[in-house]
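Novice: Chain by chain, the residues:
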Amino acid sequence: MTEDKTLWSRWNRLAERAPDAVCMTLLRAGCDSATLTRAGLIARAEQYAAWLHAQGVTAGDSCAIVLRHHIELYPLYLGLVCLGAVPSILAYPNARLHPDKFRAGLSGMARRSGLKLILTERELEPTLLPLLESTPVAGLRFPLEASLGERWRAPAAVSGDAPALLQHSSGTTGLQKAVLLSNRAVLRHVDDYARALEVSASDRVVSWLPLYHDMGLIAAFHLPLALGLPSLQLDPIEWVSAPILWVEAMAREHGTLSWLPNFAYALMGARLHDEDLEGLSLAHVRMVINCSEPVRHESQQALLAKLAPIGLRVSALSASYAMAETTFAVTQTPPGRAAAMLTLDRTRLSSGYVEPAAGSERVCVSSGAPLPDCEVKVLAADGSRLAQDRVGELYVRSPALFDGYHNDPGLSESVLQEGFYRTGDTGFVHAGEVFVVGRKKDLIIVAGRNLYPEDIEAAVSEVPGVLPGRVVAFGRADATLGTERVCVIVESALTAAEHARLRAEVIAAGQRIDVTINEAHVVAPRWLIKSSSGKLSRSDNRERLSQLQAERTA
Amino acid sequence: MITDRLKAELLRVLALEDFDFEDTTLANSVPGWDSLKHIEVIAAIERAYAVRFKTLEVLRLKNIGDLQRLVDSKLTQQK
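Line by line, the protein sequences are chains S and U.
Sequential numbering from 1 applies to the first sequence in my numbering.
Sequential numbering from 1 applies to the second sequence in my numbering.
In isolation and in its complexed conformation, chain S is listed as follows:
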């Protein structure tokens, strides 16, 4: 299907071929599901395009979409693409997130990406209005209130190189990165990825993933849309409260492909009730793909133990290594075979060597081999290339690699080297497959959501009693949850009697930026270790805390 140069032309061709085929379904618990056929989606998108044009949107404009999960989100997004504008779906703010922090995050994105309009819900108007004075944002619009009429019949004549979409990382202190992807990159990627997945016309994608996340947007939305597969979407908030909804959707709607972050395996393994599974079958499921967090063997096994009795095959346990900077996937385990596992020596692995376990074991799960024309190389700290079975930093190259962060050449230069993207992850290659074992950069990933420690440290530094700037935040692996816990250490001169109150205030500061701080530790001034560069070292302080806790329990 590579003759299409743009997403819009691909979607139209599929709609002409089978106008009445259902392509998007939004499943809501306790309600009738909402569906859109291919032709219905195009028609509605053209109505939105006409409305958006009347609002002043033209080709090349970046527009943010900040809506709760809603069936209208899909045609609105396509309507922007029809005009040649560039949609960016952002997370709808959780009630925990302080409006000032939400606005600060959007302000950074608006300045960097030159957002023209924010398409949102009326409820957010008071929060967002101040942005119109301090950023390039020209206005707020409320598409769910729009009265749609005529269809826009003059789709923008854009080239394949024209930008198709913008993906933003979250953050509150200006660290957000914006990845701009072209029509060509997205189409090329979904076609290549579909081949690796051996996608056929009988596949159906089921997803509860939010569309502001690359896995939700590319794998569970763009891929089925560009391949003509039905995509069945669940509301992420409903799913996390009632994970049985995913099993029911996979079983009843005959889902064959689904992408999940690792924590979902642990959560469903622990929380699904056997009696709720009665009468459901997952025997038809081809691939459940673990992606966007380090793949943990225990979490995979927890899900398998829970769902094998209703037919989930071990061979469906797949994995992928993916990131927004390469559009999505760089590697994928092959269909019909469970992701490979290696039982390795934990101590030798932490020294950089892949060797069979002699003492303490660590089971590493493969993320599969690189997709066609993708390459993964492993480099040592001095930049030299490492052979297989040696742990180093992962660099990736892909035909769907982004051109750089939008309007941030300095940051782009720091991560793009000779056509490779420096991932900041550590791992190794074994028998041609990539195993991701850790992270060199300090990013914290909780339930698939990337958190910048700098954002957490800035929020916590504002707490009275915390010595300014004397805070470190880092992630600690939690095998039970299958993800990371957020840990904060603060220095304070307050007496021990006041530490409980201070800890509560530190946790509350995290809440205001919608981060759950699982552990807050108060230490004396000058406790925190600095690195050789003079900055507080997150990794050294994490290590110090672990050692102290181990000594206490010994």
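What the hints contain is simulated information worked out from the structure, not anything from laboratory work.
None of these values were measured; they are calculated from a predicted model.
Beta carbons are placed, not taken as given, at the ideal position from N, Cα and C, and that holds for glycine.
Misleading hints may appear alongside valid ones.
Stated by the list, open to error - Selected chain S positions facing chain U (in silico; Cβ < 8 Å):
hint: 1; residue: Ala29
hint: 2; residue: Gly30
hint: 3; residue: Asn94
hint: 4; residue: Ala95
hint: 5; residue: Arg96
hint: 6; residue: Ser241
hint: 7; residue: Pro243
hint: 8; residue: Ala500
hint: 9; residue: Ile507
hint: 10; residue: Gln511
Use these hints to put chain U onto chain S, whose structure you have.
Specialist: This is chain U only, laid out in the frame that chain S set:
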């Protein structure tokens, strides 16, 4: 009105020393009670009272008062 028993269970599962729960309290406003923790809280309440909530019952909970009323209705059904 939140009973002492429900409050004690919530404090335990959320590892809080104290919190002033009212009928209108939203989970989002309680330290540590985020969307990821929610299912654990619900499971803990189910265990503590030996009851089972239906999917829709869980999804319709808007505040702590709703949770108290749901628990009460389950206990009444058991009698």
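Novice: Please go over all the hints and tell whether each is borne out by the structure.
Specialist: So, going through the hints one by one against the coordinates:
A least Cβ separation of about 5 Å between Ala29(S) and chain U falls short of the 8 Å threshold, and the interface hint therefore holds. Interface hint at Gly30(S): satisfied, since its Cβ lies 5 Å from the closest Cβ of chain U, which is below the 8 Å cut-off. With a cut of 8 Å, the hint placing Asn94(S) at the interface with chain U holds, because the nearest CB-to-CB distance is about 7 Å. Given the 8 Å rule on beta carbons, the hint for Ala95(S) holds: about 4 Å separates it from the nearest Cβ of chain U.
A least Cβ separation of about 5 Å between Arg96(S) and chain U falls short of the 8 Å threshold, and the interface hint therefore holds. Nearest Cβ of chain U to the Cβ of Ser241(S): about 6 Å, under the 8 Å cut. The hint holds. Proximity of Pro243(S) to chain U holds as hinted, the smallest CB-CB distance being about 7 Å (cut-off 8 Å). Because the beta carbon of Ala500(S) sits about 7 Å from the nearest beta carbon in chain U, less than 8 Å, this interface hint is met.
Taken as an interface hint, Ile507(S) checks out: its beta carbon lies about 5 Å from the nearest beta carbon of chain U, inside 8 Å. The beta carbon of Gln511(S) comes within 6 Å of a beta carbon in chain U, closer than 8 Å, and the hint placing it at the interface holds.
Comparing the model with each earlier hint shows no violations; every hint is respected.
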